[in-house]
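**Student:** For the protein sequence lines, the chains are A and B, in the order given. Under the numbering used here, think of the first position of the first sequence as 1, with each following residue one higher. Under the numbering used here, think of the first position of the second sequence as 1, with each following residue one higher.
Check each hint, because a few of them may be wrong.
To be verified - What the simulated footprint calls covered on chain B by chain A, stretch by stretch (three residues with Cβ under 8 Å from a Cβ of chain A suffice, anywhere in the stretch; the number is not a length):
id, stretch
1, 46-52
2, 184-197
3, 313-325
Claimed, not checked - In the BS3-like style, the derived pairs of lysine-lysine whose C-alpha atoms are separated by at most 25 Å in a straight line are:
id, chain 1, residue 1, chain 2, residue 2
4, A, Lys225, A, Lys202
5, B, Lys25, A, Lys46
6, A, Lys508, A, Lys453
7, B, Lys15, B, Lys25
8, B, Lys238, A, Lys46
9, B, Lys282, A, Lys225
10, A, Lys488, A, Lys403
11, B, Lys286, A, Lys225
12, A, Lys46, B, Lys286
13, A, Lys225, B, Lys293
14, A, Lys508, A, Lys587
15, B, Lys251, A, Lys46
16, A, Lys46, B, Lys15
17, A, Lys90, B, Lys25
18, A, Lys225, A, Lys75
19, B, Lys286, A, Lys32
20, A, Lys32, B, Lys282
21, A, Lys225, A, Lys46
22, B, Lys248, A, Lys196
23, A, Lys483, A, Lys550
24, B, Lys238, B, Lys248
For the record, the hints were derived by calculation from the structure and aren't laboratory data. Ideal Cβ placement from N, Cα and C applies to all residues, glycine included.
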Amino acid sequence: MSGTERFFKDLSLLVTGLVFTFFLILLAVRLKEVQIDSVAEYNLLKERQSVRLVQTAAPRGRILDRNGKELATNKKAFAIVLNPEGFQRKRQNDTIEAMIQALTNLSAIVRVPIEIDEELPQMLRRHLRRSQAMPYTVFSDVSDEVLARFFEHSDELAGFDLVERSERVYPCGSLASHIIGYVGRGEAESVVGDEKINFREKELVGRSGIEAYCDGYLRGVSGEKRLTVDARGYTVREREVREAIAGPDLKLTIDANLQQTVESALNGYAGACVVVDASTGEMLAVASAPSYNLNDFVPYLPHGVYSKMTNNAARPLVNRATGGTYAPGSIFKPITALAALAHGVKPSHQTMCDGIFTYGTLIMHCASRWGHGELDMVNAIKVSCNPYFAELGVVVGTNLLRKTAMEFGLGRLSEVDLPVDVSGYVPDGQSNEKIGFKWYPGELAQTAIGQGKLLVTPLQMAVMAAGLGTGRLPRPYVNFSNKPNVRKLNIPNYHLEIVREGMRRVVKRGGTGAAAAIDVKADVMGKTGTAEVGPRYNRRKNAWFIAYAKPNAESNKSSLARRSVALAIVLEKADSGGGSAAPRACKILSKIYN
Amino acid sequence: MVEVLRLERAKFYRKFIIEVKDKLKRLNYIMFGAMLALIACGTIAIYSAGHSRADIIFHSMWKSNLYTAIFALGLYFMLAFTDYKKILKWGSAPLYVTALLLLIIVLIFGTVRLGGKRWLWFFQPSEISKLCILSFISYLIGSVASPLGEMRHKFRGFLILSLLVAIPVVLILEEPDLGTALTLLAAILVMFFIGRVWRAGLVTLIATGAILATCVLGAVYEAERPGTTAERKAAILKYVPLEPHQVKRVKVFLFPDEDIHDSGYNLRQAKISIGSGGLTGKGIGKGELNGMKYLPQSISMNDFIFCVWAEETGFVGSIILLTLFGIVILSGVWIAYRAEEPCGRLLAIGIITLFFAHVYINIAMSIGLVPITGLPLPFISSGRTFLVTMMLALGLVQSVSIHGRSGEIL
Chain A
1 MSGTERFFKD LSLLVTGLVF TFFLILLAVR LKEVQIDSVA EYNLLKERQS VRLVQTAAPR
61 GRILDRNGKE LATNKKAFAI VLNPEGFQRK RQNDTIEAMI QALTNLSAIV RVPIEIDEEL
121 PQMLRRHLRR SQAMPYTVFS DVSDEVLARF FEHSDELAGF DLVERSERVY PCGSLASHII
181 GYVGRGEAES VVGDEKINFR EKELVGRSGI EAYCDGYLRG VSGEKRLTVD ARGYTVRERE
241 VREAIAGPDL KLTIDANLQQ TVESALNGYA GACVVVDAST GEMLAVASAP SYNLNDFVPY
301 LPHGVYSKMT NNAARPLVNR ATGGTYAPGS IFKPITALAA LAHGVKPSHQ TMCDGIFTYG
361 TLIMHCASRW GHGELDMVNA IKVSCNPYFA ELGVVVGTNL LRKTAMEFGL GRLSEVDLPV
421 DVSGYVPDGQ SNEKIGFKWY PGELAQTAIG QGKLLVTPLQ MAVMAAGLGT GRLPRPYVNF
481 SNKPNVRKLN IPNYHLEIVR EGMRRVVKRG GTGAAAAIDV KADVMGKTGT AEVGPRYNRR
541 KNAWFIAYAK PNAESNKSSL ARRSVALAIV LEKADSGGGS AAPRACKILS KIYN
Chain B
1 MVEVLRLERA KFYRKFIIEV KDKLKRLNYI MFGAMLALIA CGTIAIYSAG HSRADIIFHS
61 MWKSNLYTAI FALGLYFMLA FTDYKKILKW GSAPLYVTAL LLLIIVLIFG TVRLGGKRWL
121 WFFQPSEISK LCILSFISYL IGSVASPLGE MRHKFRGFLI LSLLVAIPVV LILEEPDLGT
181 ALTLLAAILV MFFIGRVWRA GLVTLIATGA ILATCVLGAV YEAERPGTTA ERKAAILKYV
241 PLEPHQVKRV KVFLFPDEDI HDSGYNLRQA KISIGSGGLT GKGIGKGELN GMKYLPQSIS
301 MNDFIFCVWA EETGFVGSII LLTLFGIVIL SGVWIAYRAE EPCGRLLAIG IITLFFAHVY
361 INIAMSIGLV PITGLPLPFI SSGRTFLVTM MLALGLVQSV SIHGRSGEIL
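Start from the sequences and build out the full structure, keeping to the hints where you can.
**Tutor:** Pasting the structure below:
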């Protein structure tokens, strides 16, 4: 081998070796770039594809009455769930078939029927598509026997699991159901932190009543779980990141005992009754009849029961106390009287009542067929004389009447802390094209005696009674931690005193509402009302009674009896305010003060 | 008489023992040790890739691979202690013909697996055939007794050699197995370079290859970049000499962040598993991407096994692996350098280039340095034909180490 050849051979091998080394170093440099410099980026990509965040449901806060009695609380309920990862097959159809097979087996073992129809595979498929990493609930809130059978045969039930959930329970059943309201399972919208939540456990969500109004408060803070899923989306492992924090208790102003009495007082009628603390606006009892049992909604309301409820003509789901609008009838007359006094009518103003009142084309009858004769204002209130107040109404005019009514909170929202709050309607002397209502002068006389187009809610009437009694109008509330909000009425006290005198006489012997104060150990004043509604061929009477009572020397010394209360009660399709509503009010007042 | 025979036999034994001792001294122990270390790493990697699989067959894959390696170690020493010159002189031409026949048979009777007709019964002929072709070409270029004679440094010799290489390459491309063909071509080119075959031809070949590769890359880029209309794309791709799946791979190489749920999925998962390994990795057997089936199961044991290794052992592990490969490659170059006889030198450098090409392309494709090509990683991937082939190849290199400098006195 010549020297040159040797040199070239060495050189070319050297070059080859260097090229190999260069490429290997290139690999090392690139590996450093991937494994050291961008490790965070690749970890993030890994997490994004394999980590799913689950928002776990927190137990809901309890609801208590003002004395700490439980109205709504939680119980531990067990649900049987199916874990999809236990059934994974190559093809999805096989997976679903395996699941259905297992479900049939489960149903036979725990002896709970399960419907195997065309919908089941579709539901399972939907579950796999949307939340494959999450368990599929087969039976929620299973009984102890089922639980025992499940444990006994747990070795045959691979792929199934028991999950403890918090379920709502109402120790008092239907008590105060409209105020408490019912819950349903839904997805909470609250997002924890900045991280993206992939799945949300179904939480209890308030659908009506205070459960809905204070939903955010009661709900607590959701927990967080991290699921690690494999390439096919099945859960490989899970880890709890943050435990859920139960919602705080909510105390209501409701007194459960009084509530019980109030609800039984409504017995037999559709209607509503509201009892408020006259000086603060705390709602001591709110009843609406007919009612429903809140426990029927747990764990979920069967569809049949729900449709029965919504199709029921009596509308049990409606809260009549805050959301039912009625013509007030004669209980509106104190407002007319106050408007007249403000207009300058003397309390001694007398009118001759001959049992009939005509105004333009309007012919109005008095409750007393042959008339009350000569009446002054106090006695007109006492006997609830229609012609007297119709005349006052005509004298006063729409604007002042409306202004006085609005001063007492009529025709506007009561601002109660419940989801249903309606304003009712106070006519303003204008025709309303929308509802096809044409104003004519006779309407004024009708409004003055609480008929016509006037609409109020029982809650508004209770508040109005409080206003008449104290001269201050409270804002009603049901959440104990709210502060009272009381507005002084822009009405001179001596005007109110005249009306109060009339209302005191109502519950005395000879008054229309004498039945309301029999043996009640308190100073009571009230007003009856019998509103006529409906067309002539189907005329119905709604019986009203409002009362204001304050304790006197004889009263019980309990904390409840030391309060002055205002109440309003309305009974649909009843006889008369004095005959139907006043005795029931008497029961309630006796319960408070005796 | 019996005594004489006994003496003769004893003499023979003594001679044999002396010979073996001499050969053992000449064995390149650095390369041998690195190879054993690589086999160990491979066993661990295959265990890791397989133990999380649902199919029980894969749980014991590492064992069968290890047994194959131990069996192949015997062949390795047999080859190492056999004079490669004899093998080349008597065996290379028949081996070449056998290889061609095998390649033709596999095209006719082969079994289709993973989109290629590469399997004949239990082995892949294209792996073995590479070795046969390399030895034949090194014999033709290097041997004094070469039938090509002095012609091999001239144009005609170049033409004949190219033709002899082109036939098996075309057959391998027919399977299709682009990766294997490319590694073979790389080895042949380096052998042409070292063996001083007609330089103009070599330069032309390299230049043509480079221009062709650039054109293909450019064309695919133009066709696939966002904003190219469908008609234009079709028109361009008509002139690109690649199969549709190869076009996709080039596209993924150019635009790795697109199409991550379809054609770009493998590369993305490979990068995520390597990248998430970090400095020290997640621990042997604890690779998440492989364990949770994000890395495609069909290739995580073979072409993408580096990802499993890198994820579980981290940067440290990948550098250890690279170093082991580097030791094998550079000691191979050293053996070629030390070989006094051109035939052995060419054989050694050809085999080492083949080895290097496998290592480089396999690792580079999983970190996005080259387009994805289905190539196993020597000693790490599971695949018994390839393991045996590689051990035979390194055995031949050891043979060069032992017999290539017989004049040297140790």
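**Student:** Hint by hint, where does the structure go against what was stated? Just the numbers, ascending.
**Tutor:** 1, 5, 6, 8, 16, 17 and 22
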